[in-house]
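Dock chain Z against the given chain R, drawing on the hints supplied.
Residue numbers (this note's numbering), protein chains in the order written: chain R, 1 to 557; chain Z, 558 to 876.
Please note that a few of the clues may not be correct.
[As the list claims (entries may be wrong)] Derived DEER-like restraints, expressed as beta-carbon distance ranges:
| # | chain 1 | residue 1 | chain 2 | residue 2 | range |
| --- | --- | --- | --- | --- | --- |
| 1 | R | E406 | Z | P794 | 55 to 65 angstroms |
| 2 | R | K155 | Z | K564 | 34 to 44 angstroms |
| 3 | R | D44 | Z | F703 | 54 to 64 angstroms |
| 4 | R | R409 | Z | K564 | 35 to 45 angstroms |
Bear in mind the hints are in silico, worked out from the structure with no lab data behind them.
For glycine and all other residues, C-beta sits at the position ideal for the given N, C-alpha and C.
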Amino acid sequence: MADTKTKPVQPKQGLLLDIRNLRIEATVYPPGGEAPKTITLVHDVSLTLEKGKVLGLIGESGAGKSTIGLSSMGYGRGGVRITGGEVIFNGRDILKGGKEGFRKLRGREVCYVAQSAAAAFNPAHRLMDQVVEATLLHGTATRAEAEKRAVALFKKLSLPNPETIGERFPHQVSGGQLQRVMTAMALCSEPDLIVFDEPTTALDVTTQIDVLAAIKDAIRDTHVAALYITHDLAVVAQVSDEIMVLRHGRLVEWGGTRQIIKEPRQEYTNALVSVHEIEHQEQKPSATPFLSVKNVTAAYGGGHVKVLKNVSVDIYPGQTLAVVGESGSGKSTLARAITGLLPPEQGSVVFDGRTLGNRLSDRPKEDLRQLQMIYQMADVAMNPRQTVGTIIGRPLEFYFGMNGRERDRRVTELLDEIEMGKGFIDRYPAELSGGQKQRVCIARSLAAKPKLIICDEVTSALDPLVANGILKLLLNLQQVEKVAYLFITHDLATVKSIADSIAVMYRGEVVRYGLKSKVLAPPFDAYTDLLLSSVPQMEIGWLEKAIRGRRMASAGN
Amino acid sequence: MSSPILKLIAQRIALGILLLLAVSVLIFAGTQILPGDVAQAILGQSATPESLANLREQLGLNQPAYIRYFHWLGGVLTGDLGTAMSSGQDIATSIKERLWNTLFLAFWAAIVAIPLAITLGLIAVRYRNGWVDKLISGVALASTSFPEFFIGYLLVYFFAVKWQIFPGISTVYDGMSFLERMQAIALPATALTLVVLAHMMRMTRAAILNVMQSAYVETAELKGLSAFNVIRKHAFPNAIAPIINVIMLNLAYLIVGVVVVEVIFVYPGMGQYLVDHVTKRDVPVVQAVGLIFAAVYISLNIIADIGAIVANPRLRHPK
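Bound conformation, chain R alone:
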């Protein structure tokens, strides 16, 4: 046990960062006026990092990986405090340096790359001003030198128009490009360490691979050390020399990248490595689909922005159609057109042999009941002031007029079906975990006894293990309730686990459509090939191989 928790080799030379017995606490204020209490987020974690090396910090949400990463800059988000241990950076304990010490360290010796560059850039300033800001602040270069350095970095990170991109404002640049500009910003002041905090998590897979490659090259060429924080083991395997697995603020396992992904010693690491494997036998379509989308074209802004172009798909009873594509490909718009939230300009939606009303207001209650939705963000899809019982009971009252004991009995049944049980009936959404919230949303949609549930990125915001549980639940429920799913996702691993047929969307069009076995078998069209080859694989050297084998560039470029 102990041998897995310390690094195999402990070189004393070239040590850049040495965190010893780090303890981080936060004060939480529970709802309902209870006394505030102190919780421990990080329990006595130690780590070392050599100059020019990359350490991946991996774990689910709440594992404390960002908190540890930020502690190397002496920073605590919100009310987070470093209450114990030492953070020795470049030979000195930075925790003893005080505010002044932190300011000299941040942006000079350690820089930070945030998860969402779109939010982390100030919308009011031009990119160049922000990229060189830290360099100028710490006086390590003149403005002209810093800008020259920035342009060189833009080039290295293969940004388009490296000479002029700095004149733009953040909103004028795409998400994948912004993430690379942010990496350039971190590299500009030539720090010794960069903390990458989920830098590719918010990007499409096809964009992620470019950003990942750019970051990897930049790290290699500048010899900067890095803490690479992510929940995606396959991603971290591409860039790290070593990987540290964390859970609930404690160290689980720490070792070389190859050892962690090939020979994990801890059970938890093993679960993370093998997480996506669900065997789902594809079902053949029955004679007639119960819902057909026929040549639907839809647009926003009064017809100006066409987001769906002549889309046709069929959904068969009790089966799953997965719709995949990157952001902006029209996946969610298809769902909006089917439900009547966005009336199509052309084409129609046929349900049980008759054409559904284009608008929501044209559809009778019975039609509304047959099509239910589950969303990506379960916590904003529920009224925070209603209990789980009220939330699940609402469709029972609305569609079936159930009340009192009858309704409560049905709510209890549904809670059992989603494997949560009766004890949750009086709980509020805020008291549930992310996975439990999504389960309640599933129960709410099931309560209407629909023929089709539209699942819009329902597992994207969840940790892999939790997401896996949700997928298994959805598959079981499909067996029991004979409900069909329209499963919208950008994650191909999820698609393999759940789909019977697949529609690949690209820029508003269905570019490939058919049974799962057909869609996922070669020969591929260029876009499907790009999409499939962009999904990170848990193997060392996958990134280089994938980049070499590409036939088209991603739309995010």
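Okay, now just chain Z, sitting in the frame of chain R:
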């Protein structure tokens, strides 16, 4: 500058003009609804029906209301605000001087109040929830909570009566030197500053605190910027729109809402002029002043809207 922004600004201005026209209708209608008319008012209760009819004919009062409205509007647009009933003087001439006095007072109050409010707001955010923040908020709130006549009399009591630094009555006249004028308006300007300070200060604080939660503020902190520079360079530029809004509202108040302060300090501005003529039931003057106040209010709000549009980089630099 690009076309969407110009389009938005043109829209705001057109809307403002439309609104002003609507207000002019309301003002005109309002004065028509009041019992009695100008002829009645001029001749008094002892007027015979014949003399009333004659005067109405003379003043054009027996024309239909909409004709009189357009007549009045036409006059306003060409700078003719009519004649004051009580004194027989040309309204435009008397208002010109008074409007200038009001603007002079408002200008100096604003020059002090706006930078002071913003600076105090920035400082309050920098030391948020500490004693500095609480002191600033407390004092500013207290000064706003006191009615302005109370503040006015306090100032008069201490600065004019007890210490005799500034005059208690702010008489201004032609030929005064700039310094004399400044001395005369010192007390009313101070009273106005105290009245509008807290509103702007608290809005600045709230607007900045709102953006302090943003990820880009964290980015700035992680670059090693000092706390105050994070606020000034990164938070403030993104909080400008609501701040401009509240500043413009208070500027409007400085011009339109000075009635009480002008009366206390006997300052010959628009407010006092209005109060005088309301008591005399001088309808043409009330109409004219009302319209001017409405125009000031609407234009300052348009400026606030345009300011918010221009402050938004997404509109200023479209994709």
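How the hints compare with the structure:
1. Separated by about 58 angstroms at the C-beta atoms, E406(R) and P794(Z) satisfy the suggested range of 55 to 65 angstroms.
2. For the hinted restraint 34 to 44 angstroms between K155(R) and K564(Z), the CB-CB distance of approximately 38 angstroms keeps it satisfied.
3. Between D44(R) and F703(Z) the Cβ separation comes to about 57 angstroms, which falls inside the hinted range of 54 to 64 angstroms.
4. Taken as a hint, the range 35 to 45 angstroms is violated for the pair R409(R) and K564(Z), whose Cβ atoms sit roughly 59 angstroms apart.
When the structure is compared with the earlier hints, a violation turns up for hint 4 alone.
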